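The sequence shown runs 1 to 284 under our numbering.
Hints in this document: simulated from the structure, not taken from any laboratory.
From a predicted model like this one, the values you see are computed outputs, not experimental measurements.
Hints may be right or wrong, so weigh each one.
Here are the simulated DMTMM-like pairs of lysine to aspartate or glutamate, each with C-alpha atoms no more than 25 Å apart in a straight line [unchecked claim]: (1) K55 - D28; (2) K117 - D217; (3) K70 - D32; (4) K117 - E199; (5) K55 - E38; (6) K118 - E243; (7) K70 - E6; (8) K55 - E6; (9) K74 - E6; (10) K23 - D40; (11) K117 - D40.
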Amino acid sequence: MEDASETRHFRTLFISDVHLGSKAAKTDFLLDFLRTHEADTIILVGDIVDGWRLKRSWYWPQSCNDVVQKLLRKARKGTRIVYIPGNHDEFMRDFPGIHFGGIEVAQRIVHEMADGKKYLVLHGDEFDVVVRNARLLAYLGDWAYDTAIAINVILAAVRRRLGMPYWSFSAWAKLQVKHAVNFIGEFQRVVADEARRAEVDGVICGHIHHAVMEDIDGIHYVNTGDWVESCTAIAEHPDGRLELISWSHKVSEAPAGKRASKLVPILLPKPLAEPSQDDGVRAA
């Protein structure tokens with residue numbers, strides 16, 4: 001628990017999977033987070049804009065503009081911001097090295113922590129065999145995920161009326177499906193292998209909306225989570241220590257122009273069990 005009005009300063013913030021342009025994006029939560037968290041560097045780890053959904057139907061409320069403007073304002077004030085595109089905002093991959101309003105685009109980077117440890121930072125969709133090799137299946141999976149998110153919205157409204165904290169049905173449902181759990185475990189190992197090939201100490205990624213920090217055969221695997229289900233970010237302290245931050249206080253219930261003063265912690269999934277060898281890999 002902490003007072004949301006206190007501003008925290010970090011060396012680096014890692015944020016991914018905001019999905020601006022999707023009705024499920026928790027833009028109010030993210031704006032509140034950005035107001036109360038400062039950093040020397042902010043690394044956007046993909047799927048910040050949801051190009052897939054915007055192609056299907058245009059949805060861009062003022063809150064999406066507010067998030068973009070907040071990031072641009074931080075860049076103008078001296079924060080270094082690096083944008084690593086994901087599969088939902090893959091159109092940005094055509095502009096590596098280009099700066100937009102002070103925001104730098106890169107395919108992937110190696111980030112050196114304050115303690116000297118090096119981390120490969122990438123979105124991670126290139127290791128998702130469904131997205132990489134079967135785009136139609138990926139879109140069908142995206143449609144199913146949209147359905148789960150729609151249920152999320154209804155449940156969230158009911159829980160707000162009952163004074164209950166935010167809880168993600170879609171995150172819960174995903175972890176009940178055996179193939180989804182096996183996919184997450186396999187994805188984590190494959191991404192850790194990529195970090196090992198890059199001869200770094202760890203890897204920071206997004207893509208699968210599953211926030212976690214754990215060691216995988218000597219590689220520190222870090223997933224930033226998302227701002228659709230879990231509302232999480234990774235923060236690097238001045239000494240290089242990493243922290244997983246859950247931002248789930250009831251911003252949407254606060255009166256206009258005000259924010260909730262207390263945080264309600266999220267219950268994050270426990271580390272996954274080892275998947276069986278005979279299970280195929282499928283996108284979560």
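Right, here's what the structure says about each hint:
no.	hint	result
1	K55 - D28	holds (23 Å)
2	K117 - D217	holds (16 Å)
3	K70 - D32	holds (10 Å)
4	K117 - E199	holds (11 Å)
5	K55 - E38	violated (33 Å)
6	K118 - E243	holds (16 Å)
7	K70 - E6	holds (18 Å)
8	K55 - E6	violated (39 Å)
9	K74 - E6	holds (18 Å)
10	K23 - D40	violated (30 Å)
11	K117 - D40	holds (18 Å)
Checked against the numbered hints listed earlier, the structure breaks hints 5, 8 and 10; every other hint is satisfied.
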